[in-house]
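**Student:** Here is what each chain is made of, one letter per residue.
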Amino acid sequence: MNDSQPTLSVQNLETHFFTKEGVAKAVNGVSFDIAKGEIMGLVGESGSGKSVTGFSIIGLVDPPGEVVGGKVLFNGEDLVQAGEERMRQLRGNRVAMIFQDPMMTLNPVLRVDTQMIETVLAHDKSVSKDEARQRSRDALGQVGIPSPDERLKAYPHQFSGGMRQRVAIAIALLNKPDVIIADEPTTALDVTIQGQILYEAQKLCRETGTALIWITHDLAVVAGLADRISVMYAGRVVEQGKLDDVLDHPVHPYTVGLLGSVPGHNTRGQRLFQIPGMTPSLLKLPPGCAFQERCPRVDGACEADPGITHPVDGRNVRCFHPHLEEAAQ
Amino acid sequence: MTVFIIRRLMQSVLVVFVMSFLVFGGVNLVGDPVEMMVSDEADQEERERVIRSMGLDKPWYVQYGLFVANAAQGDLGKSFVYGEQALGIIVQRMPATFELALAALLMAIVIGIPLGVYSGLNSESRFSKVIMAGSILGFSLPTFWVGLMFIMVFAVMLGWLPSTGRGETVELLGINVSFLTTNGLSHLILPAVNLALFKISLVIRLARAGTREIVHMDFIKFARAKGLSTQRVIMVHLMKNIMIPVVTVLGLEFGGLIAFSVVTETVFAWPGMGKLIIDSIQGLDRPVIVAYLMIIVLVFVVINLVVDVLYSILDPRVRIQDVKG
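From first to last, the protein sequence lines stand for chains A and B. Take 1 as the starting number for the first sequence in our numbering and just add one per residue. Take 1 as the starting number for the second sequence in our numbering and just add one per residue.
Each hint should be verified, as a subset may be incorrect.
Claimed, not checked - Listing some non-contacts, in silico: residues in chain A with all C-beta distances to chain B over 12 Å:
1) 36
2) 158
3) 243
To be verified - Derived list of chain A stretches under chain B, where covered just means 3 residues or more per stretch with a C-beta under 8 Å from a C-beta of chain B:
4) 101-110
5) 274-288
Honestly, the hints are just simulated from the structure, not real lab data. Think of the CB as a built atom: it goes at the ideal place given N, C-alpha and C, for glycine as much as any other residue.
Extracted from the complex, chain B is given alone in its bound form:
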């Protein structure tokens, strides 16, 4: 296992390096931040002073070299807009996004798996058909529209839940979180459900497909022939098998939740990274964009590693291959 993790870490460094090049190059191809920074009345001298101050007068490879050298020391550049460390701005916003993403992930697991397994076991029942129809809606309705509908129904018409912001936060291990206060929790519900809807549908489908496949396996019948209770057959023999694909997909989707919570955060004015990146793209704030993308790359790399480790815990057959390799 240790060898496996070390090997994976080395691969990860390479991935991060390649991504840094792509991200840096890509961002430099779009738009000219100078246009956004200087006022229309500025003269040529003024413009060149700004260009120099941002280091944009140097050739691209020198810029990239400087970026990598600084990044190695944890410095991803200063925001053009805020004048602060880009990394600092993002890290400040990170807990909000993580909280939202984790809440959505939790819902996907807690709601998606039982519904999926139920529907897989009773595929002919009426309730199962309702679940499947619901999951099609969850897949196909656009997130922003569902978000707006949530706000209209639950915030405007019924007035049950607030529609913007994080609400009250308390500090937990040095991080601000919403879910520990009632007010914060009420703020979390709508955006989290909105973000989770697609993932719930996905988990339902995965769990259902897995259940339908596994339930006809001989080992399930054998487990029943051993006289185990239905509960144990489903909770242990079936679940452990269907969790393998669910964990794989959810791991990757969690990265997606963090990276692409943009829409939900925008609709619900949730002060997370997604909202920040949209603002930064509009303001062509290159250091923030680059820093954000680099963090997302890191998040994906870490999640992939965690998924691989989890996978080998769930599936003993993978563990053995690792020992041999």
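So that you can see chain A by itself, here it is in the shape it has in the complex:
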């Protein structure tokens, strides 16, 4: 990372859900920085808090969820403290988001042009409608939608899933944001379309200098896309570092298990590795490390809270017993 101020700096973010059964700590002290034009993969299994982290950043956590602590510094401005109107100005303008299910993100009863033009006009009243339409047209072209002029007049149901996700990405790009949070945007798409969208996303970030947070549970997606990777487990980032370093030499036992369970060329015919047990309920996390019940390296020390350590250069890890032997090789 360079010395300049990161575009987005999330520090000790805590988002809790106050349910009838108790407080679910969905995001429990998450920290990461993203520089201009950087792509970070936020990886974790379902319920690890990666989506909630995304929504917490742009202030769209619905009750009973609430951001209860930490900072989200966007170009130095703390978004956790920002008022609703300030957040509205930033959303879709400086910080955009793309959702998981393209079939559900576009309003079925409004034309695509309506949904695009309003995004431009919401942030810049001085733009004329024609200009806004022109920008929408360009954005559709940018994400590879053929004959954008005609497509602007269409309704969402006239698009395929992949095309709808492109429209959603085009909407996110409309105001040339500094950060895009992509919440599993390719999960609902087939592999060919997924490949195309990943390619476009990467290209756009490199060209425009937009920082991208790519939330996914699919390691293969991140492997081909990201610069850095943060692995989340039970509301915490357990390991964070450069993509290749983490994938080649994971040090947190959870990351090791996760990567070990990916089928590869030399595992044909063998049983895949499986992490024993299940994700703990966020309502009753064990004291200390959340992974201790499933960890092969667990001992008494794990009952204390593992702080962030840097057992390897440029790597943030929350573990008392990291796999340093492999990393050192």
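Fit chain B to the known structure of chain A by using the hints.
**Tutor:** Chain B only, in chain A's frame:
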């Protein structure tokens, strides 16, 4: 769209035809109008003269054939009681009922939708619970009782509003209307509110259910993620979606408002079609009953058509299916 409307019109003709048979047959099964028409002292000869004059001596299928043939020329028979064209009598009363029904419909929309959306967005708030309790009352209190209570409170005890009739009317496009004069408007308020109460409750429930469903949809969150103002998210993104079921149900309910404003019109002595039909049923005035029912059938058919067209305007997904079909 044109093909769709033509196809629907052809279906409508069939519906009207079948209904005419049912209505005509049904009315002929109840009571003997001759008993109501001739005096008790009349002799057999006198009775038969009356029967012949009303055409009741012919077999039922001949009567029906004559009825259809005449109806095709716009003649639905003469009222036994008034001796005038049944259609004319009803058309004369129609504006009063339509005015009342439209006023009630307007109230249902203007009051029901905002309250329903508010209650859907803030379902835990105290005011929302008051709205829901109110809508239960609106549903379950009988219209005639509420009408009587209105009269007692607002007309008798407080003396704020008149309780009977239409008041002053002015002519608008050849139709007499009450709502353009202050006096007429004051006459309209109580019966319209009375008639609207049930519909307001219905719209509140529909709008609330729709809001609660739509507000959790991804596209609403996405609209917020685009940085749209709350106002635009609710007024455009949410509203356009919840209007689809509301329009469907209200369209059908509007037919119901016209057809079944009987109770309200009777309580408030509102000179509309509902009052006329009650009088006609009591007097066994067959041509008026038949003509009234036929008009109601037509009203329903037309409203259904309008609702279908509106529906396709609101929901683009319906429009496409139409093109394919």
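**Student:** If you test the structure against every hint from before, which numbers come out violated?
**Tutor:** Per hint list: 2, 5 violated.
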